[in-house]
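A.B. asks: What follows is the residue order along each chain.
There are 2 protein chains.
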Amino acid sequence: MTQRTVFFVSDGTGITAETFGNSILAQFPFKPRHIRRPFIDSTEKALQVAQEINETGVREGQRPIAFATLVNAEVLEVFKRHCQARVLDMISSFIAPLEDEFGVTSNHRVGRFSNVAQSREYHDRIEAINFALAHDDGQSARHLAEADVILLGVSRSGKTPTSLYLAMQHGIKAANYPLIPEDFERRKLPTALVPLKRKCFGLTIDPERLASIRNERRPGSKYAELLNCRYEVNEAEAMMKREGIAWLSSTHKSIEEIATTILSDIRPDRLIY
Amino acid sequence: MTQRTVFFVSDGTGITAETFGNSILAQFPFKPRHIRRPFIDSTEKALQVAQEINETGVREGQRPIAFATLVNAEVLEVFKRHCQARVLDMISSFIAPLEDEFGVTSNHRVGRFSNVAQSREYHDRIEAINFALAHDDGQSARHLAEADVILLGVSRSGKTPTSLYLAMQHGIKAANYPLIPEDFERRKLPTALVPLKRKCFGLTIDPERLASIRNERRPGSKYAELLNCRYEVNEAEAMMKREGIAWLSSTHKSIEEIATTILSDIRPDRLIY
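Listed in order, the protein sequences are those of chains C and Y.
With the first letter of the first sequence counted as 1, position 74 gets the number 74 in our numbering; the numbers rise by one all the way through.
With the first letter of the second sequence counted as 1, position 22 gets the number 295 in our numbering; the numbers rise by one all the way through.
So here's chain C without its partners, still in its complex pose:
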C-alpha cells in the first residue's frame, strides 16, 4: 500500500494519544508516517488542523487516520465535522461507559497534565529523578536507605536507564550500584548494601551482548573482552544467588519491561493508592 499518514490530535501533549496509537498500529504490518499536533485546545486550532489533515489526504491520495484525544465537546465537534480523515475518538469511546458506570458526568477537563506541575505526585517524580542521578553507579551511599529499590549488576547491564525510567514514569526512588571485580574477589556484597538487601534487585545480561555494548564504549579494552564479561556475569549471578537477591536478564527486555517486572517483585507501598 502507498504512503498513509496518521495524525495524533490532542488538547494536551499528545503523548498518551501517540503511545496508545502506536501500540494499536503495531498490530499492522506497515509503518505509516506520524504527525503529532499537540495543544489543540480551541475551535480555531481544531479547524486549522482539520484543514491540514484534509490537504494531506488530497496530496497523498489516501484518507489519513486521526487519533483524537480532545476532551472539550465543542472542540471535538468542530474537529469531527471538518476533518475528512478516519477519526478515532479515544476519549468519548471510554467516557460514556464510565459515566454510566459511575453514575456521574465527567468534567471534560482539558489536558491530563494541566496544573500537574504543582501537584505532589509531580514533585515526587522530579525528586525521584534527582535521587536517581545522585545515586547513579554507587556515587553516594548517603540517603541510600531512602531508596525504594537499589539495582545492582555489572557495569553496562542496564541499571542507569532503568533507574531513571522508574523515577520518571513511576516516581520510584531507584539507586543503582555496580558490582565490580573487587566485590567478586571478596565474594561479598558491597558493604553499603548489606543492611539494605531486601531493597536490592539484580540485573544481569548475556555476556556476548555485554561485550558488544562495552566494545562500543571502549573498543579493544580488557573491560570489553568476552572472557572478562563472562567472568563478571558469572560471578555477579553467583553472588545474587548466594545472597538471595531476585534478578532478571536485561538482554531481551526494554527498560519498560524491566521496570514493570521489578515493580511486580518489589511492590513498593506508594504504588498502591
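Just so you know, nobody snuck in bad clues.
With the C-beta cut set under 10 Å, the calculated list includes, among others, these residues of chain Y facing chain C:
id : residue
1  : 293
2  : 525
3  : 537
The hints are simulated quantities; they were obtained by calculation from the structure and are not laboratory data.
Predicted model, so just to flag it, every value in this text is computed and none were measured.
In this text, a Cβ means the ideal position worked out from N, Cα and C, and glycines have one as well.
Go by the hints and put chain Y onto chain C.
C.D. replies: Below, chain Y alone, put in the same frame as chain C:
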C-alpha cells in the same frame, strides 16, 4: 461514592493502558484505587486475574472497572467471559475500524515492546539517555555538536529532567548547559554554545518558584535568596532575548509539556518518519 478499584490488565507492561486510563479517569471527580496486572499473556493468567477482579468486587461491594489491552483474541475472550467487572477493551475498539480502513487484518501481536530491545529505535533511546547524562549541566563540550537540542537556563530551571525525558521518550539527544553569574557579568553566551545557537532552547522560571526550589536544596544560601533568583532570571531572559533564542517558562509546566513545546519549535528531522 465508596471505594472503587480500577484494574489495568495487559499482555505487555500495562504502561500504555494505565497512562491512557489515567487520562480518561482524570475526567472524573474522584481517584479510584489502581491495580496494574502486566504480562497477562495466556488464558490461565487471564482466568486468574479475572478471579482476582471478581473477588475484589465482592469484597468492596462495587463492580470494579478493568481497562484491558489484550491483543490475543483467545486470551481476551477468556478474560471477558469470566470477568464480572465493567471491561473497557482498549484494543478491539480501535483495531476493527483500522482493519476496515486499511483493508488488511491485523497480526494480533502481543506486547508493544516485544523484541523492542533489539531494535534500532530502542538503541537510539538508550544512546540518547547516555548522551543526556554525559552532557548534563555543561559537563562536557565534547560531542556537543551532536546534540539535537541544547537546553539552557539558570540552575534548577528544569533542564535536567527535561533532557532526560526528551531522551527517554523521544530518543532525542538533549544536552543542557547552565547560565551562571559569570555569563551574566560577561553578558555573553557560554563560548561553547555560540556556534550551536540554532540548537539552543531556553528554560526560564518564576523567581519565587526558583527560590523555593533552591531553598529545598541549600536552605538560607545566597544561591537560594529571592533577590539573587530575581537577578539571575532577569539576566538569563535578557540574554536569551538578545541572542534570539526561543524559550519558555517551566513554572506551570510538566516535563511532558515542556518537551512537547520544545519539539514543536525545534522539529528535529528524526521525528518526522
